[in-house]
Amino acid sequence: MSRVPIQTAVSPGTRTVARDVGRILEALGGLLVLSLVVPLVFGEFFVVPALLIAAAVPFGIGRALYVRYQDASAPTKYHGMVIAATGWLLVAVFGALPFFLVAWTGPALGAELVPPAASTPTLSAFRDPLNALFESMSGFTGTGLTMVDDESVLPHTLQWWRTFTEWVGGVGVIVLTTAILARPGSGSLTLYESEARSKKIHPSIVSTVRTIWWIFLIFTFVSIAVLWLAGMPLWDAINHAMTGLSTGGFSVTDASIGTYDSAVIDFALVPIMIAGSIAFPIHFLILKGELRNLYADLQTRWVFLYMGAGSIAVTTLLVTNGVYPVSLEAVRYGLFQFVSAATCTGFQTAVGLTTTALGEWPASTQLLLSGGMVVGGAAGSTVGGIKIIRALTLAKGIRFQVADVFYPESAVRRLKIGERVLTPEQGHREFTEAAIIILLWILFLLVAIVVLLVSLDGQYPLENVVFEVASAQGNVGLSTGITGPESLPSVAKVTFLFNMWVGRLEIIPILVTLRSAFNILGVYR
Amino acid sequence: MSPETLPVIGPIINTGPNDRLFDGLLFLGPILLLLIAVLGRRPFTVVFAFAYVIAFLAHIVHNNLRMDAAPNDESRRPG
Chain A
1 MSRVPIQTAV SPGTRTVARD VGRILEALGG LLVLSLVVPL VFGEFFVVPA LLIAAAVPFG
61 IGRALYVRYQ DASAPTKYHG MVIAATGWLL VAVFGALPFF LVAWTGPALG AELVPPAAST
121 PTLSAFRDPL NALFESMSGF TGTGLTMVDD ESVLPHTLQW WRTFTEWVGG VGVIVLTTAI
181 LARPGSGSLT LYESEARSKK IHPSIVSTVR TIWWIFLIFT FVSIAVLWLA GMPLWDAINH
241 AMTGLSTGGF SVTDASIGTY DSAVIDFALV PIMIAGSIAF PIHFLILKGE LRNLYADLQT
301 RWVFLYMGAG SIAVTTLLVT NGVYPVSLEA VRYGLFQFVS AATCTGFQTA VGLTTTALGE
361 WPASTQLLLS GGMVVGGAAG STVGGIKIIR ALTLAKGIRF QVADVFYPES AVRRLKIGER
421 VLTPEQGHRE FTEAAIIILL WILFLLVAIV VLLVSLDGQY PLENVVFEVA SAQGNVGLST
481 GITGPESLPS VAKVTFLFNM WVGRLEIIPI LVTLRSAFNI LGVYR
Chain B
526 MSPETLPVIG PIINTGPNDR LFDGLLFLGP ILLLLIAVLG RRPFTVVFAF AYVIAFLAHI
586 VHNNLRMDAA PNDESRRPG
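Protein sequence lines, in the order shown, are assigned to chains A and B.
With my numbering applied, the first sequence corresponds to residues 1 to 525, in that order.
With my numbering applied, the second sequence corresponds to residues 526 to 604, in that order.
Hints are not guaranteed to be accurate.
[As the list claims (entries may be wrong)] Partial list, derived from the structure: chain B residues whose beta carbon lies under 10 Å from chain A:
| id | residue |
| --- | --- |
| 1 | Asp544 |
| 2 | Pro555 |
| 3 | Phe569 |
| 4 | Ile585 |
These are computed hints drawn from the structure, not numbers from a lab.
From the three backbone atoms N, C-alpha and C, an ideal C-beta is built for every residue, glycine too.
Start from the sequences, fold in the hints, and give me the full structure.
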């Protein structure tokens, strides 16, 4: 009796959003159930109740939403954006449950029954729900900034969950949901595009996302083998291969990759991070034998040019500023840190334990790395940032506009981006889109910089603050030491949560969702 | 019975680039990890892991050479 008025009160658009967000939450529950293997293997039984609850809550809510609204209509572009923004936010919220629940239930299960990993101060930080949410959002968005003081003392299960969130988030939670749960013709393309992807591998979107996961899986196995051969223990190799390929950057060690102090491991990770910053359709063509795409594809060519030029510039600055003498060491740290920044991975070798820490590098070097974090890698890959194609579109568009003055008014000119020759309408649309996103990107960066400067009250120099904010919004994860459970004020944590969220979805879906929410609440007309 | 028709294995094979060696490497991946986990760092596991990586890289180069030799073979192009 009471169901009829509720059904009519929910608008068709809300039903569509609820149904598809429900599917995403169901997938999240499935990921947590899969993760139960880890405590069983490592004998960490004290995390099992927390993990079961953490799986049951999103799965139950997701299932209820899906069953109730399964006959809702297919999503439009607008719905796709709202689903992406809401879905990612809720995935981060429910993905925080394992951190939060393990931190509370671990010690409560009895000190004599649990290993020391259940009651460390590091784990206790997650008793604060904001820290747990920060970790989850950082993981799913592939950022890598962390609320963990010492990753090595975390239970293996939470080490795994951090890694798994980045691995899944790197490809995308919607891509995952589409691959597992979508039916053909159910608006999957709209959702796929709303998660900052556009190129398809196959005509069918479901086939495309399944192929993306196939590629990602085989690359993961190869990366694990490479890192293990380079000298990492197996558990470390599994985690770092997954977070390196997904350009996430979480580590299972206290000092990131700097812990190993191994040039072999550093150089082994560089191609893995670069692989993560190349678009999946290009990987597919390369696997098929079309290696020429490494230079023929505009974005991929620029990935190599830009990583190469940036690494040389950072190395040169390190040498000229006297951080390192002219040596292989300068190349090692300069190359690794620029690639880590520009691929938005966030692995760190420049740590105080073994060498000059990143936060003590010259301001010019930090700002150059910040620039790399803002641009990022190729669209259609796992990286954050504004993406190389947008930077190129903006640069070529500006050159086109300026050059226009030198031609007669009757001249017919076309903007050329790579192999594509755009019509005037296409050129105008793509240039405008790139300009808007880059402008908004800079705007959000500036707001976060101001918030951080005020909340930190002058404890850190400007270059450190710019670096940290660029790292959060670019979903990178490199840190000058500002981010931490105690060192980062709550207001800055909330700001970073927003930066990570807008950075992963490239701003527009978030603004559309916020406008819709304000509309519903009557705040904005 | 072809592998493409098997449950679980079939759908995974059908989503890849339709290449038997890559499919084989994908299924060998978990076995490699299991062997390393059980046996540790031994000559056998090191050789296995090394062969795994080399096979992956060499097959990409091999596919490239084959593609260069028959650039118009539409059957090997992505859908």
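Hints, one by one, checked against the model:
1. At its closest, the beta carbon of aspartate 544 of chain B sits 7 Å from a beta carbon of chain A; the interface hint therefore holds under the 10 Å criterion.
2. Against a cut-off of 10 Å between C-beta atoms, the interface hint on proline 555 of chain B holds, since the closest Cβ of chain A lies about 8 Å away.
3. This hint is violated: phenylalanine 569 of chain B has a C-beta 13 Å from the nearest C-beta of chain A, more than the 10 Å allowed.
4. At about 6 Å, the closest approach between the beta carbon of isoleucine 585 of chain B and any beta carbon in chain A falls short of 10 Å, and the interface hint on this residue holds.
Of the hints listed earlier, the one the structure fails to meet is number 3.
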